[in-house]
Amino acid sequence: MSERFASVEDVTDQLAAQGYLASPSVATTVFLADRLDKPLLVEGPAGVGKTELARAVAQATGAGLVRLQCYEGVDEARALYEWNHAKQLLRITSGRGETWDATRDDIFTDEFLLARPLLQAIRSEDPSTLLIDEVDKADLEIEGLLLEVLSDYAITVPELGTLTARHAPFTVLTSNATRELSEALRRRCLFLHIDFPEPDLEERIVRSRVPGVDDTLATSLVRVVNALRRIDLRKAPSVSESIDWARTLLALGAESLDEAVVDETLGVLLKHTDDVARARKHLQLDEADVRR
Amino acid sequence: MTDRVSTSDSGAGSLPGRLVAMVEALRGHGMVVGTSETVDAAQVMGVLTLADRDLLREGLAAALIRRTGQRRVFDAVFDVYFPAAVGARTSVREDGADDGTASPTARPRGVDDVRDDLVEALAQGGREALEDVAAAAVDALGAIQAGSGPGAAGAGWSARQTLEQLRPQTAIVRALAQRGSTAGFGERLDRDEVRRDVERFRELVQTEASRRTAEVRGRDRVAKYAVRPDASQVEFLAASREQVLELRRTVQPLARRLATRLSARRRRRNRGQVDIRRTLRRSMSYGGVPLNPVFEHRRKARPELVLLCDTSGSVAGFAGFTMLLVQALRDQFSKVRVFAFVNHTDEVTELVTGGEADPAALAERIAANANVAPWHASSDYGRALRSFVTRYGAVIGPRTSVLILGDARANHLDPDLDALRDIVGRARRTFWLNPEHESRWGLGDSVAPAYAQIVDMHECRTVDQLSGVVGRLLPV
Numbered sequence: 001m002s003e004r005f006a007s008v009e010d011v012t013d014q015l016a017a018q019g020y021l022a023s024p025s026v027a028t029t030v031f032l033a034d035r036l037d038k039p040l041l042v043e044g045p046a047g048v049g050k051t052e053l054a055r056a057v058a059q060a061t062g063a064g065l066v067r068l069q070c071y072e073g074v075d076e077a078r079a080l081y082e083w084n085h086a087k088q089l090l091r092i093t094s095g096r097g098e099t100w101d102a103t104r105d106d107i108f109t110d111e112f113l114l115a116r117p118l119l120q121a122i123r124s125e126d127p128s129t130l131l132i133d134e135v136d137k138a139d140l141e142i143e144g145l146l147l148e149v150l151s152d153y154a155i156t157v158p159e160l161g162t163l164t165a166r167h168a169p170f171t172v173l174t175s176n177a178t179r180e181l182s183e184a185l186r187r188r189c190l191f192l193h194i195d196f197p198e199p200d201l202e203e204r205i206v207r208s209r210v211p212g213v214d215d216t217l218a219t220s221l222v223r224v225v226n227a228l229r230r231i232d233l234r235k236a237p238s239v240s241e242s243i244d245w246a247r248t249l250l251a252l253g254a255e256s257l258d259e260a261v262v263d264e265t266l267g268v269l270l271k272h273t274d275d276v277a278r279a280r281k282h283l284q285l286d287e288a289d290v291r292r
Numbered sequence: 001m002t003d004r005v006s007t008s009d010s011g012a013g014s015l016p017g018r019l020v021a022m023v024e025a026l027r028g029h030g031m032v033v034g035t036s037e038t039v040d041a042a043q044v045m046g047v048l049t050l051a052d053r054d055l056l057r058e059g060l061a062a063a064l065i066r067r068t069g070q071r072r073v074f075d076a077v078f079d080v081y082f083p084a085a086v087g088a089r090t091s092v093r094e095d096g097a098d099d100g101t102a103s104p105t106a107r108p109r110g111v112d113d114v115r116d117d118l119v120e121a122l123a124q125g126g127r128e129a130l131e132d133v134a135a136a137a138v139d140a141l142g143a144i145q146a147g148s149g150p151g152a153a154g155a156g157w158s159a160r161q162t163l164e165q166l167r168p169q170t171a172i173v174r175a176l177a178q179r180g181s182t183a184g185f186g187e188r189l190d191r192d193e194v195r196r197d198v199e200r201f202r203e204l205v206q207t208e209a210s211r212r213t214a215e216v217r218g219r220d221r222v223a224k225y226a227v228r229p230d231a232s233q234v235e236f237l238a239a240s241r242e243q244v245l246e247l248r249r250t251v252q253p254l255a256r257r258l259a260t261r262l263s264a265r266r267r268r269r270n271r272g273q274v275d276i277r278r279t280l281r282r283s284m285s286y287g288g289v290p291l292n293p294v295f296e297h298r299r300k301a302r303p304e305l306v307l308l309c310d311t312s313g314s315v316a317g318f319a320g321f322t323m324l325l326v327q328a329l330r331d332q333f334s335k336v337r338v339f340a341f342v343n344h345t346d347e348v349t350e351l352v353t354g355g356e357a358d359p360a361a362l363a364e365r366i367a368a369n370a371n372v373a374p375w376h377a378s379s380d381y382g383r384a385l386r387s388f389v390t391r392y393g394a395v396i397g398p399r400t401s402v403l404i405l406g407d408a409r410a411n412h413l414d415p416d417l418d419a420l421r422d423i424v425g426r427a428r429r430t431f432w433l434n435p436e437h438e439s440r441w442g443l444g445d446s447v448a449p450a451y452a453q454i455v456d457m458h459e460c461r462t463v464d465q466l467s468g469v470v471g472r473l474l475p476v
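Chains as they are written, first to last, in the UniProt record's numbering: chain A, 1 to 292; chain B, 1 to 476.
Calculated directly from the structure, the hints in this document are not laboratory data. Note that the structure is a prediction, hence the values are computed from the model and not measured. In this text, a Cβ means the ideal position worked out from N, Cα and C, and glycines have one as well. Any given hint might turn out to be false.
Below, computed lysine-lysine pairings styled on DSS-like, alpha-carbon distance capped at 30 Å [claimed, not checked]:
id, chain 1, residue 1, chain 2, residue 2
1, B, Lys335, A, Lys235
2, A, Lys271, A, Lys281
3, B, Lys335, A, Lys137
4, B, Lys335, A, Lys271
5, A, Lys271, A, Lys235
6, A, Lys271, A, Lys137
7, A, Lys137, A, Lys235
8, A, Lys235, A, Lys281
Some chain B residues judged to face chain A by a derived CB distance under 8 Å, without partners named [stated by the list, open to error]:
id, residue
9, Val32
10, Ser285
11, Leu473
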């Protein structure tokens, strides 16, 4: 069994060294995924750092990141492996005098196999981290393919036999829950829901990502963002929006948050016009306009 | 942060026994937890020590939870089976003074003392301070003495009694004053935060009370009744105000999932002509022999949807939710029209779509702007259906699917089956979604069985059932 991390605190420290500030639930689950050798299924709103987590784990453990970006219609040939047909044809035509047996044995070898992300991660000589991004975008059939990889870390190529991983890769699957994933897939994974972070954690994230922001600005910024998350919005601002906002405020040279500044820069946080309207109403920015 | 899990009390027996009992309780609340998950959870307990309760909670959550919405149920059940302590809390946090003098529970306390503590905690805004106050509050105010003194059967700890005496909302103003926030923007943020903390405090009191009660009455009983069900399993007709709000928050994610499901079905169905380019490209694998033809997707006209909703008091929550859901799904259909009725039918499409999409006020907007009950306030299905047919009959065409929402309680008036037959005859498909339990159809003034003979009637008591019906039935 591979042991990449010594303890939960070790996870927190090592991820922090890579610039990823993990909440206790993230750190605990990463630690367990490592110890139990199980893939990690991460769900949560967009922009809370699901993909970033995989990247940070890869950097912290010094393992290469292999990424499979899922999309509608991604298939076996894109995810697992593909035979290099053109090269096989060349091989057949160049070996004119050969017997059929020799050719047949030769064209189904490693040389003609194009490894796609999943196979790459399985066959990697060095420890690797496998990121299967937005698995909910892929069709249901692909989940079937993933099952063998996720439970045994093995891939069966009919012509070559079963290839088993030398090092079980640390596997992270992310999902935005646009589609229900199958029970079979869920059962093979540890589940982690990353939600918006607690205010003080978010404050630390903003400060570490945008070093120029001073403490009081970061505090009040996070408070406004949290206030906005509590009202019914079509798209609640997430951590990446907080960071963008901090950058914007820094660029504008704002030293503290007041109605005018918030009003001008609300567009960075909220992406829909009716959200902006609702937020203005909630924070009572309109009345401030009248008073001025 | 580092409460130890107390394992010293008798009752549930060994640790594996307690884990299994907890899994049973989770299943009782509709979570699918298989044996393999339970084994995972046991492994988690082996890897993590029991020393840190918060870590154990996260670890078990990773192993037992399978989808996003289940966390709240899990937390509540976890608190019952793995309580932070047994009996009144005597531990003092952080400051480490174990002589007992600083402990909030060491001296007897009155309502005012506890409220002072609450004000203090709210003003500082820390979660742990709130937890301490909640524990102290339940200890001081929540005890119910039944029969002959504490520990007797029927005794317990009541969150409701605690909150009614303490009235935490009265602490808001004082806490705000203590925060000393500057007027204007900062003050509004403060007010917002304090309100949220009060909500949180109520939940903490609830948790604490069920923990204490679990000790007196046994865990299984408390786990069964004290844990609020998941939003997707709440019955529309029995939903409380908070639950309705919670339901509303699930509309957007649910609509997105349904949209994916509908478009997947549409894709599978629309097989058209052979796509020459992609077929040739794929044939490379077989030396140019096109074994696997690729088909073009045929773009079909999208179906039209007509929603006909009973918006009378008894089923308004269900109708409102479904209207919002259908509205969120509108790009899946070429046209969506929404009609509301109590005893007269009027079109409300504009009101549901309306720019100022404030879902909370939907019911009032309909009542104020649409003519749904011109004569009296009770529902009359026969009349409403007849007025729909005469006024809007032309809306229904051969491509239209009609969804009728209502409990089919006709107040002993004429159900006018012919009007319904007329609608069914014109539409491509017609479904009736009934928020009542199937066993109650036909009892009292319900004419559901009569309508069900004409139209496909489906029971739709919870969000789960509704999403199943919408995802499965709607033509694509």
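Now for the hints, and whether the structure bears them out:
no.: 1; hint: Lys335/B / Lys235/A; in the structure: holds (25 Å)
no.: 2; hint: Lys271/A / Lys281/A; in the structure: holds (16 Å)
no.: 3; hint: Lys335/B / Lys137/A; in the structure: holds (26 Å)
no.: 4; hint: Lys335/B / Lys271/A; in the structure: holds (26 Å)
no.: 5; hint: Lys271/A / Lys235/A; in the structure: holds (7 Å)
no.: 6; hint: Lys271/A / Lys137/A; in the structure: holds (22 Å)
no.: 7; hint: Lys137/A / Lys235/A; in the structure: holds (19 Å)
no.: 8; hint: Lys235/A / Lys281/A; in the structure: holds (16 Å)
no.: 9; hint: Val32; in the structure: holds (7 Å)
no.: 10; hint: Ser285; in the structure: holds (6 Å)
no.: 11; hint: Leu473; in the structure: violated (17 Å)
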